[in-house]
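Trainee: This is what each chain is made of:
Number of protein chains: 4
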Amino acid sequence: MIVQKIPVSILGATGTVGQKFVRLLAAHPWFEIASVAASAQSAGKRYGEVVRWRESTPLPERIAAMTVQAADPGIPGRITFSAIEAEIAGQVEQAFARAGAYVVTNTKTHRMEPDVPLLVPEVNPGHLDLLPRQQRERGWSGGIVANPNCSTAGLVLGVAPLHQAFGIEKIFVATMQAVSGAGYPGVASLDALGNVIPYIGGEEEKLEQETAKILGSFTAGAVDPAGLVTSAHTNRVPVVDGHLEVVSLGFGRRVSPEEAIAALEGFRAPVDVAALPSTPARPVEYDARPDRPQSRLDLDRGAGMTVTVGRLRRCPLLDLRLVLLSHNTVRGAAGAAIQNAELLVQRGYVAR
Amino acid sequence: MIVQKIPVSILGATGTVGQKFVRLLAAHPWFEIASVAASAQSAGKRYGEVVRWRESTPLPERIAAMTVQAADPGIPGRITFSAIEAEIAGQVEQAFARAGAYVVTNTKTHRMEPDVPLLVPEVNPGHLDLLPRQQRERGWSGGIVANPNCSTAGLVLGVAPLHQAFGIEKIFVATMQAVSGAGYPGVASLDALGNVIPYIGGEEEKLEQETAKILGSFTAGAVDPAGLVTSAHTNRVPVVDGHLEVVSLGFGRRVSPEEAIAALEGFRAPVDVAALPSTPARPVEYDARPDRPQSRLDLDRGAGMTVTVGRLRRCPLLDLRLVLLSHNTVRGAAGAAIQNAELLVQRGYVAR
Amino acid sequence: MIVQKIPVSILGATGTVGQKFVRLLAAHPWFEIASVAASAQSAGKRYGEVVRWRESTPLPERIAAMTVQAADPGIPGRITFSAIEAEIAGQVEQAFARAGAYVVTNTKTHRMEPDVPLLVPEVNPGHLDLLPRQQRERGWSGGIVANPNCSTAGLVLGVAPLHQAFGIEKIFVATMQAVSGAGYPGVASLDALGNVIPYIGGEEEKLEQETAKILGSFTAGAVDPAGLVTSAHTNRVPVVDGHLEVVSLGFGRRVSPEEAIAALEGFRAPVDVAALPSTPARPVEYDARPDRPQSRLDLDRGAGMTVTVGRLRRCPLLDLRLVLLSHNTVRGAAGAAIQNAELLVQRGYVAR
Amino acid sequence: MIVQKIPVSILGATGTVGQKFVRLLAAHPWFEIASVAASAQSAGKRYGEVVRWRESTPLPERIAAMTVQAADPGIPGRITFSAIEAEIAGQVEQAFARAGAYVVTNTKTHRMEPDVPLLVPEVNPGHLDLLPRQQRERGWSGGIVANPNCSTAGLVLGVAPLHQAFGIEKIFVATMQAVSGAGYPGVASLDALGNVIPYIGGEEEKLEQETAKILGSFTAGAVDPAGLVTSAHTNRVPVVDGHLEVVSLGFGRRVSPEEAIAALEGFRAPVDVAALPSTPARPVEYDARPDRPQSRLDLDRGAGMTVTVGRLRRCPLLDLRLVLLSHNTVRGAAGAAIQNAELLVQRGYVAR
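Residue numbers (the working numbering), protein chains in the order written: chain L, 314 to 665; chain A, 314 to 665; chain P, 314 to 665; chain V, 314 to 665.
Any given hint might turn out to be false.
Copies of the same chain look alike in the list, so a pair counts if it fits in one copy or across any two.
[Claimed, not checked] SDA-like, lysine to any residue: derived pairs with alpha carbons at most 25 Å apart:
1. Lys519 - Ala601
2. Lys483 - Gly565
3. Lys358 - Asp604
4. Lys358 - Asp600
5. Lys483 - Arg627
6. Lys421 - Gly452
7. Lys483 - Glu362
8. Lys421 - Pro629
9. Lys421 - Gly328
10. Lys318 - Glu426
11. Lys483 - Gly540
12. Lys519 - Gly563
No lab work stands behind these hints: they were computed from the structure.
Next up, chain L with everything else stripped away, as it sits in the complex (with noise of 0.2 Å):
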């Protein structure tokens, strides 16, 4: 039991993540938001004042208090969650993993650095033991973990049972992602109303790499990435939250439908991953009806961290094809760093 509440800070909190950020944590069992920080035109005002808050659940009081802080890693908080700009989150990050802060990034910088555990707690939480040897190449009393892009969460926690059971060769992934996964303002509704996009930058190259070194295996202080090809296509809809992505898997041997929602049904977490707050009674759930899930149906099953799996039936090309969806704010972004941080307690990195 965690009697006093470790002391977190939020670097970006004003954004679209940190806001969730907050909202997540204002009622967190094991964190306290101890500081807030944000760029340098809002620091020194009040949290309350700076932040457009978008969240449908109100802004706390506390927090709405809080003086904004610049990204100086003397401000409090022992974990750092970190939802700040790719172009200043080397520097920024490294300097509190440097000062001897746990970093929880939902950034894409370091993902795919060979020293920085890139997690999906239910899924390979044993990378998080790239730890020490980060620390010790780096010469940091703190550490960097990351936590995947948000359309590669919801694949490989989705898939993550079938590799397991099966082993996955082949992925073709057709995504469908919501506007929210580009922050705000992000999209232009001009852009979005009644539009598909096809194209996001940089998000079939993110979902190509980190699938393979999530599902990697972690021998002899390094991640070995998986063996498997992904192919994907990534397309923006008019959603507000969920990501909603078509796949077509092949395995190394047959598979039937049958085997494979058993496989589903019966994924669980390791038990300390599975004892963590953040995560859900079933990471991943399978919908047997005929035209689930649905992004705005089945968003919020686990409170956003379930990643729900439905149609899986035979493939003409590969073995089998499934639709699946997960929250791409919570499960896809603040959510899963919160969980990182959760794991990173569990398993003693960050003291109680």
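Following the hints, complete the assembly by docking chains A, P and V onto the known chain L.
Mentor: Only chains A, P and V this time, still in chain L's reference frame:
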């Protein structure tokens, strides 16, 4: 030159596709609407009274004043455009063909029958030569000619230049289809707004089967389906008109993006097909901008008869990937049928 | 305190509002669903089989397993929540009331009858005292209590503080109503996407008549309608949930924006109404931000039972202008009916 | 007849309205684009390179090849269409007028100045006679002519027939405005999707003030604003193009719906205005269907220059109620300015 226009009839004239027929035929250089037919409860009334006109151009007054007929083979019209329900299409369309009419149908019922031409005139006009066999075997003086399902129409035309040049063996396709494809009232707004529905009944099968038939070869009086395998994921998105499809293609040999783009840009319809009133100057256009085609912006090229292709690039799993867009109620329905009727005239099945 | 929950039944339990009743009553502190009724073709089957569940929370298993009943007054339940079609509501609801049940209806049929209380509990709880007269005159042991139409519910509650403080004489209201107000399938997506429909059948009359009744005074056993005149323009917009209304108000005397805001902020429900489980802490909230309330962002305040008011400013024609937002399927339908039922218990019409 | 086209320039040619100018002027019978001007960072480059073309028709090649100019009065063009930012419009537009150009502006900056004609040619073409005074007093050889704000344009033209026939004293108007009115990128998709924003900065004031000026009378060299009072509620809805407005009107005398409809249907532009290329055959159309006009369906009448009016009925508070729709980027912006320029030619201010 056609001096006197050919009288045509429209079955299912009050529905969504029926209205599009009316709109497109109202100013057609070769055809003249001679009768409009609909269900028994509309028969006998003025078309303008019973139709809930939803096209953005005004309902032509001459058509509004016409008396709606029952779908009886005796109604005037040498060519019959059919947009009736699949449940009754078998019986009704055959009755018209038996009575000597050329039925150009948008309904799925007869598409996959071995003696029925399933046409995209720029791609497989030679399949029209199934007609004599159809007439002989069925003992009809008229005949039935079909256009493909809306999502197939765009796929087939968009990849035909590549198939002709390089031979496609594998197709992975994920569609993002407009709600107009489901007719009116069709998809409920509570299902469509801010949502993706990853299921359209029967659509994946149509895409997989029709594609092989249309791209097949006509030899010895029969169509030999192309030996390609298609895996389709079909989805409904909150877009009014326009089916966007993301596609991966595998060929028998290595094909570079540059070769493929050259094949797309060099594609032209056969000379007599290019001369049809509904054939656009460029049946396939390649758009090199990185984020195109987009559903809302690129829909109306070639008066809705052009398929736009973009984002041609390598595929990690197969050979090439691309995006294509087609107008589902024009190229994918009424426009396609009218172009088929023009081909019937051009190739002498229907006398001018 | 309520030790044993009161058994209730739901008529029209499979429809949109019926499902909302199931969701809201499943965890209600006072009520317990004892029977679910629907049309003849559903009767006899399991609720989980026949309902097309569209709420975002899972269908409770206990309810899913219940056998659907026909709408017969003999089914278990001391309070009957009605969400049945207006065409049959007259006969069915009266049969239940005659048989001794208290019918709390969301259907329009009985709303404007002089002996039927049309209630917004925070505004006119005293109108409940029409019930004894209703029972006496109709010879019923039960009775019928109605909540207003969804667009009326928000208008009346949002302006009630101003009416109580200053006396409203004139209301100009233009609504922008969500598609969920039309039920399922309701509005076709081809009508809703990227469109506004400036017409909702019967809605303007309801707004104009119901408002006067609810804001009327109860004297000598009858409701004397308020002497105000309302002009309504009702519109359907592509929003899933939430009716936004822009309102101009004329009073008998000059009222400043500051006075009006103070009246809104000072408004509280009568003490016994405030104690009802469904009454929010703040039935009316004033949001001072210049561009609020917004349909999607401010909908869920007070679990959907709070009306948010904003943009209070002078009107060049009448006295004041404002914007208000209410949740049409909670405050405007199922939530309202449940709150009415709570009032029936609180005021002793239904024994605990 | 115009033998040689009049050379015109476009200021702000790369923006949303600027692109619409390019599209509409590319095939104009009287005008020819002689120069396109934009901000300093675009100047010197080819238009096709710097514009992010978003019209659905292709960018004309001749224009794509033009070199973008700085907004300098020396650039070719006897008429200057202005779509520049309001912040710089004062200085830039005046410089052009001083240098002898006729500036036809869509920008708000000069609209309410007493010597600037604010025109809807079908309604107040006589206000153009402010120009000689403007030239005399300001010492200019050119001049500035403005069209109204997009929401004003539809309101004024839609109610002008009623004002001319019966004299309007009071106007209530609530608008539901498309996102294209805010330009590009304009409204964020997270604000627009499934939402209504009940606030558009400055819009209500523009509607209230411009309406009185345009409907005012021109006497003794000045415009005397109409003595009517307008109360506006302006809202942004998730619609791409088309401003829908619900309106209540008060007259000095009783006016029946039948009289009003007759006035709307009998309305015609003055003869020389009717002869302008951009004036539609019917500037105002009355649609008697109960649920029309609708934003998406009725937008393009008269090539976007016709205002559609519907639902004319009694108002319980004022005299009559109605709904009107206009195309905000054609009748409300670029189309309006081009029609104004045509009037300048027709009435001899600009020589053919």
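Trainee: Now tell me, hint by hint, if it's right for this structure.
Mentor: Taking the hints in turn, this is what the structure says about them:
no.	hint	result
1	Lys519 - Ala601	between (30 Å within a copy, 23 Å between copies)
2	Lys483 - Gly565	both (9 Å within a copy, 19 Å between copies)
3	Lys358 - Asp604	between (48 Å within a copy, 22 Å between copies)
4	Lys358 - Asp600	between (47 Å within a copy, 22 Å between copies)
5	Lys483 - Arg627	both (14 Å within a copy, 16 Å between copies)
6	Lys421 - Gly452	within (22 Å within a copy, 60 Å between copies)
7	Lys483 - Glu362	neither (49 Å within a copy, 37 Å between copies)
8	Lys421 - Pro629	between (35 Å within a copy, 22 Å between copies)
9	Lys421 - Gly328	within (16 Å within a copy, 33 Å between copies)
10	Lys318 - Glu426	neither (31 Å within a copy, 59 Å between copies)
11	Lys483 - Gly540	both (9 Å within a copy, 22 Å between copies)
12	Lys519 - Gly563	both (20 Å within a copy, 23 Å between copies)
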